[in-house]
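Chemist: The listed protein sequences derive, respectively, from chains A and B. Sequential numbering from 4 applies to the first sequence in my numbering. Sequential numbering from 4 applies to the second sequence in my numbering.
A portion of the hints provided could be inaccurate.
DEER-style ranges, computed between Cβ atoms [claimed, not checked]:
id : chain 1 : residue 1 : chain 2 : residue 2 : range
1  : B       : Lys257    : A       : Tyr373    : 53 to 59 Å
2  : B       : Gly262    : A       : Thr126    : 18 to 24 Å
3  : B       : Asn263    : A       : Thr327    : 34 to 40 Å
4  : B       : Tyr277    : A       : Glu377    : 44 to 50 Å
5  : A       : Pro31     : B       : Ala266    : 36 to 42 Å
6  : B       : Gly262    : A       : Tyr373    : 44 to 50 Å
7  : A       : Glu22     : B       : Gln309    : 36 to 42 Å
One side only, chain B facing chain A, incomplete, derived with CB under 8 Å [stated by the list, open to error]:
id : residue
8  : Leu79
9  : Val233
10 : Phe252
11 : Arg256
None of these hints come from the bench; they were simulated from the model. Glycine is no exception: its CB is placed at the ideal position from the N, C-alpha and C atoms.
Number of protein chains: 2
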Amino acid sequence: MNDAQSMTPEIPGDVGLVEYHDFLCEQPFTFDCGKTLPGFVLRYETYGHLNREKNNAVLICHALSGDHHCAGIHSLKDRKPGWWDNLIGPGKSIDTNRYFVICSNVLGGCQGSSGPSSINSQTGEPYFLDFPEVSIADMVRAQYLLLTQQFELSELHAAVGGSMGGMQVLQWGIAYPGFAKRIIGLATTGRQYAQTIAFNDVGRCAIMQDPNWNEGRYEAGKGPDVGLAVARMMAHITYLSDKGMENKFGRQRKASDQGNPFAAEFEVENYLRYQGKSFISRFDANSYLYITKALDHFDLYGESGQMEDSLCAMESRVLIVGFTSDWLYPPEQNRDIVHALLRCGKDATYAQLNMDLGHDSFLLHAPELYQLIENFIND
Amino acid sequence: MNDAQSMTPEIPGDVGLVEYHDFLCEQPFTFDCGKTLPGFVLRYETYGHLNREKNNAVLICHALSGDHHCAGIHSLKDRKPGWWDNLIGPGKSIDTNRYFVICSNVLGGCQGSSGPSSINSQTGEPYFLDFPEVSIADMVRAQYLLLTQQFELSELHAAVGGSMGGMQVLQWGIAYPGFAKRIIGLATTGRQYAQTIAFNDVGRCAIMQDPNWNEGRYEAGKGPDVGLAVARMMAHITYLSDKGMENKFGRQRKASDQGNPFAAEFEVENYLRYQGKSFISRFDANSYLYITKALDHFDLYGESGQMEDSLCAMESRVLIVGFTSDWLYPPEQNRDIVHALLRCGKDATYAQLNMDLGHDSFLLHAPELYQLIENFIND
Chain A
4 MNDAQSMTPE IPGDVGLVEY HDFLCEQPFT FDCGKTLPGF VLRYETYGHL NREKNNAVLI
64 CHALSGDHHC AGIHSLKDRK PGWWDNLIGP GKSIDTNRYF VICSNVLGGC QGSSGPSSIN
124 SQTGEPYFLD FPEVSIADMV RAQYLLLTQQ FELSELHAAV GGSMGGMQVL QWGIAYPGFA
184 KRIIGLATTG RQYAQTIAFN DVGRCAIMQD PNWNEGRYEA GKGPDVGLAV ARMMAHITYL
244 SDKGMENKFG RQRKASDQGN PFAAEFEVEN YLRYQGKSFI SRFDANSYLY ITKALDHFDL
304 YGESGQMEDS LCAMESRVLI VGFTSDWLYP PEQNRDIVHA LLRCGKDATY AQLNMDLGHD
364 SFLLHAPELY QLIENFIND
Chain B
4 MNDAQSMTPE IPGDVGLVEY HDFLCEQPFT FDCGKTLPGF VLRYETYGHL NREKNNAVLI
64 CHALSGDHHC AGIHSLKDRK PGWWDNLIGP GKSIDTNRYF VICSNVLGGC QGSSGPSSIN
124 SQTGEPYFLD FPEVSIADMV RAQYLLLTQQ FELSELHAAV GGSMGGMQVL QWGIAYPGFA
184 KRIIGLATTG RQYAQTIAFN DVGRCAIMQD PNWNEGRYEA GKGPDVGLAV ARMMAHITYL
244 SDKGMENKFG RQRKASDQGN PFAAEFEVEN YLRYQGKSFI SRFDANSYLY ITKALDHFDL
304 YGESGQMEDS LCAMESRVLI VGFTSDWLYP PEQNRDIVHA LLRCGKDATY AQLNMDLGHD
364 SFLLHAPELY QLIENFIND
């Protein structure tokens with residue numbers, strides 16, 4: 004770097020206008036549950052350029068309610084960029100001047116990838132509950148086909164994900180040892196514990212008890228919106244923290260709403276009800292059932308109860324980051340992954356950040372977090 | 004105590020068969036919200052005997068889903084005794100050989116006291132949402148009328164309650180200084196914080212979005228059972244702790260249920276769904292709305308933001324007990340009450356118990372807790 008450059012450091016830019024693509028896999032795909040589909044679609048986006056050696060690809064794995072659109076905008080009218088736009092872009096911590104970034108919507112999802120709302124060509128209507136049960140390993144296997152068939156990759160510079168994305172990157176390391184050179188998992192866990200299963204099940208019950216669910220058979224736009232909104236509101240609380248909510252909302256009241264005494268009165272109620280409503284416009288209730296079940300079935304401890312039995316296959320360097328205020332996947336659950344890796348003699352490190360914003364801390368622009376990711380990915 | 008007695012200590016007994024009574028207050032009762040009812044009913048039970056000096060009465064205040072039946076059985080066929088039967092009885096920590104114990108169902112409730120499901124004599128049908136909004140202070144004022152009119156009490160030896168019962172006993176100390184000589188509050192708070200308001204609101208939304216809620220107008224037995232069950236399932240998680248749930252359930256699976264892939268699969272799901280179902284048989288959904296709102300409005304910090312401004316009126320000796328694993332009303336919120344009392348120069352003490360069972364720890368038979376209560380009440 005010359006003096007002029009060091010005095011005027013490059014201002015990080017945005018990836019700008021982006022578009023999605025659909026990867027159509029036309030070979031039969033057998034799920035962990037034993038069922039087979041004749042093929043599947045994964046919707047994905049890419050940013051930056053794949054180099055000639057094909058060794059600069061970074062895979063981003065999204066969380067339960069995320070999607071393939073993790074950076075940039077789809078049109079100049081877009082009010083919000085992709086969900087990790089703060090992290091990914093030219094000159095940003097995951098630098099698209101340097102890396103070829105790929106992010107796909109998970110199998111079982113509802114944002115363009117095959118899932119229960121996709122059309123079953125044999126019946127001409129959506130799969131509904133005939134869609135095979137999906138596991139985290141299925142999601143990863145579908146991503147592997149995308150990377151190896153569409154891009155002919157034989158390695159990833161890194162795989163990065165938080166929450167369910169963290170489960171996927173761990174699974175990447177186990178299923179395809181050495182394929183991903185670096186694995187970064189944030190706010191994640193080696194298995195779903197009873198409390199988290201319990202919260203997911205309440206959400207599923209809320210959806211299934213909505214008369215519009217109709218055993219999973221509903222027309223697009225006429226689904227169990229009410230149940231899905233309740234599920235989302237509850238889940239959203241688990242993504243925050245008591246302190247974060249207190250700082251943001253406390254007991255602030257909104258402008259009074261005459262009439263129904265149980266209308267939203269406190270700002271926190273208003274916020275959550277809005278979150279519930281906006282979710283139903285972008286998410287399919289059956290996908291919510293499928294993906295939460297995939298989470299609940301995730302268990303790297305397996306029958307032996309020893310995570311080492313799964314993790315010993317790993318050949319990647321691993322960084323796991325936990326957040327003190329995350330009570331969905333608390334720091335201990337993150338740290339336990341690294342301890343198990345270290346017991347297997349693997350190259351793994353754990354960082355814990357003091358952020359008040361709960362589980363969703365990994366989605367926020369936090370310089371301390373981004374610096375950790377940047378240094379690990381560039382090392 | 005003679006030697007024979009000390010060698011064969013009395014085995015604590017049960018209060019045995021008990022029955023409830025209804026206190027009918029026939030004078031107009033004006034609620035904090037400004038509305039007036041021509042009178043009200045409180046259903047209550049008593050155990051032990053009121054002494055001639057009328058100074059041995061102990062008031063028990065119940066939590067959100069509790070009732071007046073806190074000890075003994077109603078018939079020999081009863082499978083479960085009252086909810087605090089472990090604590091209350093002859094020779095138990097709250098010794099009915101010594102104290103006259105009174106417990107009433109709260110105003111706004113649905114177990115015999117006046118609430119939204121009570122018949123409005125002017126219309127001949129239930130009040131539904133015409134029932135006045137209820138506050139914790141209203142509940143306490145109704146209890147005061149029961150104690151002073153029915154039993155002509157001018158003092159309480161003690162008032163004891165956990166969770167919402169803890170809010171009531173604090174309100175007792177503030178509204179009627181010196182009436183209760185001792186106040187014991189367990190797993191409680193000086194105000195409802197944003198996260199707890201948020202959970203309550205999700206529960207309310209689940210109820211109100213059930214088509215059977217019908218703006219609060221439903222026939223007995225045809226109410227929003229589905230919404231109420233979801234609300235209860237979610238709330239039940241907040242009464243436990245992650246560690247407690249993990250120890251009890253972990254990832255244990257129940258016998259497989261063919262068919263619906265989203266049927267209860269893990270034991271924790273089975274348990275919660277059972278909790279939801281059994282709740283709808285004993286609780287009215289409108290009462291759930293009213294009482295959770297009473298909780299959310301509870302705020303001893305008031306406009307000044309200083310709990311001392313409320314607590315300085317207190318003339319009772321106060322014991323507050325927090326539980327380390329309680330994340331609904333965490334230890335700090337309990338401790339803060341005592342700190343504020345001490346800043347006012349009051350006689351108050353805080354104890355914190357390491358129990359893994361979360362908020363509901365106060366309901367469990369824990370010798371360490373019961374010893375604290377016994378010694379404080381007998382002192």
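Chemist: Hints first: check each against the structure and report whether it holds.
Modeler: Going down the list of hints, with the structure as the test:
no.	hint	verdict
1	B:Lys257 - A:Tyr373: 53 to 59 Å	violated, 43 Å
2	B:Gly262 - A:Thr126: 18 to 24 Å	holds, 20 Å
3	B:Asn263 - A:Thr327: 34 to 40 Å	holds, 39 Å
4	B:Tyr277 - A:Glu377: 44 to 50 Å	holds, 49 Å
5	A:Pro31 - B:Ala266: 36 to 42 Å	violated, 28 Å
6	B:Gly262 - A:Tyr373: 44 to 50 Å	holds, 47 Å
7	A:Glu22 - B:Gln309: 36 to 42 Å	violated, 56 Å
8	Leu79	violated, 36 Å
9	Val233	holds, 5 Å
10	Phe252	holds, 4 Å
11	Arg256	violated, 11 Å
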